[in-house]
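Start from the sequences and build out the full structure, keeping to the hints where you can.
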Amino acid sequence: MQRMKTNKNFKSNLITYGIVIVAFAIAQTLQSTGNLSSLMKGLLVPICVYVILAVSLNLVVGISGELSLGHAGFMCVGAFFSAFFSKCMVDVIPISGLRFFFAVLVGAAGAAVFGVLIGIPVLRLRGDYLAIVTLAFGEIIKNVINVFYIGRDSNGFHFSMKDQFSLGMEPDGVMLLSGPQGITGITRDSSFLAGVILILITLFIVLNLIDSRDGRAIKSIRDNRIAAESIGINITKYKLMAFTVSAALAGMAGALYSHNLATLQASKFNFNTSILALVFVVLGGIGNIRGSVIAAVVLTALPELLRGLADYRMLIYAIVLIVMMLFNWAPKALEWRERYLGRIFRKSAKEGK
Amino acid sequence: MKKFIKLASLACASAMVLSTTAFAEGETFKIGSIGPVTGPAAAYGTAVMNAAQIAVDEINEAGGINGVQVEFNPQDDEHDAEKAINAYNTLKDWGMQVLLGTVTSAPCIAVEAEAVNDNMFLLTPSATAIESISGENAFRVCFADPTQGTESAKYIGEHALGEKVAVIYDSSDPYSSGIYGAFQAEAANQPFEIVAAEAFTADSKTDFSVQLQKAKDAEADLVFLPFYYNEASLVLKQAADMGFTPTWFGVDGMDGILSVEGFDTSLAEGVILLTPFSASAEDEKTQNFVAKYQEQFGEVPNQFGADAYDGVYILKAALEAANATPDMDANTLCDLLKASMQEITFDGITGTGITWGADGEPIKAPIVVVIKDGAYEFM
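Protein chains in written order, with the working numbering: chain A, 1 to 353; chain B, 1001 to 1379.
Hint data in this document are derived by calculation from the structure and do not stem from the laboratory.
You may find that some hints are simply not true.
To be verified - Straight-line C-alpha distance at most 30 Å; calculated DSSO-like pairs for lysine-lysine: (1) 1154(B) with 1364(B); (2) 162(A) with 1237(B); (3) 1154(B) with 162(A); (4) 1164(B) with 1372(B); (5) 1237(B) with 1154(B); (6) 1205(B) with 162(A); (7) 162(A) with 1164(B); (8) 1154(B) with 1205(B); (9) 1216(B) with 162(A); (10) 162(A) with 1214(B); (11) 1205(B) with 1164(B); (12) 1285(B) with 1372(B).
Just so you know, these numbers come straight off a predicted model, no measurement behind them.
In structure tokens:
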């Protein structure tokens, strides 16, 4: 019985990896044959960013059962740490791929540190405290970055919390981070290939964590905290594990994001971005990793593909959200899906035998 | 369900029909534009798109550029760098040949990084950050942030408008803090002294009593306000309430203060501002533009609109000087326009005798106006 279950999980995971790889192959073929529009080409990396963000948030919301409303904050930390690193190291490491690899590590590590710092006090609490604290964290980190001014000249680094001019730099100095104007002139190291590799790494980490002994402990806390505690599961430890991994992955998404644009401002990572990630998770299915991937792809591409409708596009986007929600969660829709789609799948399963 | 699918396919089909254009390739000049039409900065983007549309309609009525009609395609970027790139790529798919935009600074930096790779000609009407036109392909209609700060400081110094100057600025806004930075640097060379520099942020822009009190305590006789008119109207109101009456000095963002709803314009009497555009100027071009804008959109245009209106005409002048034809691709046009932009001298509603250097910055004299009897008066 146990073996059959792992087998089934394994198969389902393989399908998830397969979807990503096939999508990558299709996009690459289209691109090399020149059939991909500029818009779609430009969308490839942002789609990867939001897929990673959605999967990482699903780990907290779906698997560990806590509500995080400040996931954009971790993305913000990852984006700024990695972009800052790349700005400093652009002369030291000239190879773009290698530099980006280290930048992603720095971004993920930075976000993980913040994840631990927030998780230690808050994950001991019950109820909705995590939601409140992460909400505050997302706003605070944005404002903290907005007051930092960091520059570098021949004498080394200069640092101020007032403005650019109190740094007192030599004429050869360059601004690395200038408060609300953020970081500009970031090298474009992100690519679709890098994005897909990061998605696969994210999926590998999250799916394996879910199926592991630790993952079952995390899920048991979600389902019944008292029962889990009674059999000796260290609740804070496992919650913290899920939360930190999720934060690190969001940091990775941030690194991918920041190296795709020439400019980075903290104001991008506001409450709306956190909620957007939550929308991906909820519409894709809470706890359903493959659903998060699909929802993130569809909902990122949709508003851009609807540009032809001009002023109506946001209206239609909203309607699609509602329709998707009904399709996924309404009892009647579930029944309908069971009756029609279920029949098709069962048939194909039979034929497969 | 069948009905629903039918409806859906009908909607898709009509969307495709709507998005295909009426002209064939190579028969028109395709000008794209990017700016925030929704979101927090929508007021600026809308002003630009409206004014640019007026200019394009005028040009088409008068026979086009070199006898060729112009197509104009505005795209929304929600004041977000990522969305701006998507808008830019959409315009590229549409066949854009020149870009008028983007409207706001940060998205413009991101778009410029793309445009410089594609060698796409970019003329921004209103993005004021220095990095917004970092490449050789980019030019600008308005002054850059530092230029405004420097010019303001010089003007105050040369005309001895004040001895003790206080500055209130928005530290979360690159525009405002950029101007303040240059103002402060130039102030060292001028005969006045900065006695107070107080910041506010986008999250706390309704109550200015602390900043005003500090300026008052420092006995400032002139207060420099490098930010937008909505906040400026609150500053003037709150200063009047506490009986603080220094000379007020604003920059181009102050333009529009007379049309703020519910604002007692008598409070703005005597405000001095550096602006490229005055809706009450009496020359024929301005009058024509203001009348058309009011007729179509029901409000007095501000400097954003004026910059965009001039921007379209600058494109026209540069395209004509380069003898451009609509069958050229964006790459060829960009090379031609880079050269012709440095040759033309442009007279518009935001200045006369404007020329451009290789760095893309406009060379024009700043216009200083004072508000008198509810209207601008040139100083």
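Evaluated hints:
Proposed proximity of residue 1154(B) and residue 1364(B) is supported: the alpha carbons are some 15 Å apart, at most 30 Å. Our distance criterion of 30 Å between C-alpha atoms is met by residue 162(A) and residue 1237(B), whose separation comes to about 28 Å. With a C-alpha separation of about 24 Å, the suggested pairing of residue 1154(B) with residue 162(A) holds against the 30 Å cut-off. About 24 Å separates the Cα atoms of residue 1164(B) and residue 1372(B), which keeps this hinted pair within 30 Å; it holds.
Between residue 1237(B) and residue 1154(B) the CA atoms are separated by roughly 27 Å; this keeps the pair inside 30 Å, and the hint holds. A distance of roughly 18 Å separates the Cα atoms of residue 1205(B) and residue 162(A); the hinted pair therefore holds under the 30 Å criterion. For the hint pairing residue 162(A) with residue 1164(B), the CA-to-CA distance comes to about 22 Å; that is within 30 Å, so the pair holds. Straight-line distance between C-alpha atoms of residue 1154(B) and residue 1205(B) comes to about 28 Å, which keeps the hinted pair within the 30 Å bound.
Proximity of residue 1216(B) to residue 162(A) is assessed by CA-CA distance (about 22 Å); at most 30 Å being required, the pair is judged to hold. For the proposed pair residue 162(A) and residue 1214(B), the alpha carbon gap of about 17 Å is at most 30 Å, so the pair holds. The hinted pair formed by residue 1205(B) and residue 1164(B) meets the criterion: a straight-line CA distance of about 24 Å does not exceed 30 Å. For a cut-off of 30 Å, the pair hint linking residue 1285(B) to residue 1372(B) stands: about 23 Å separates their Cα positions.
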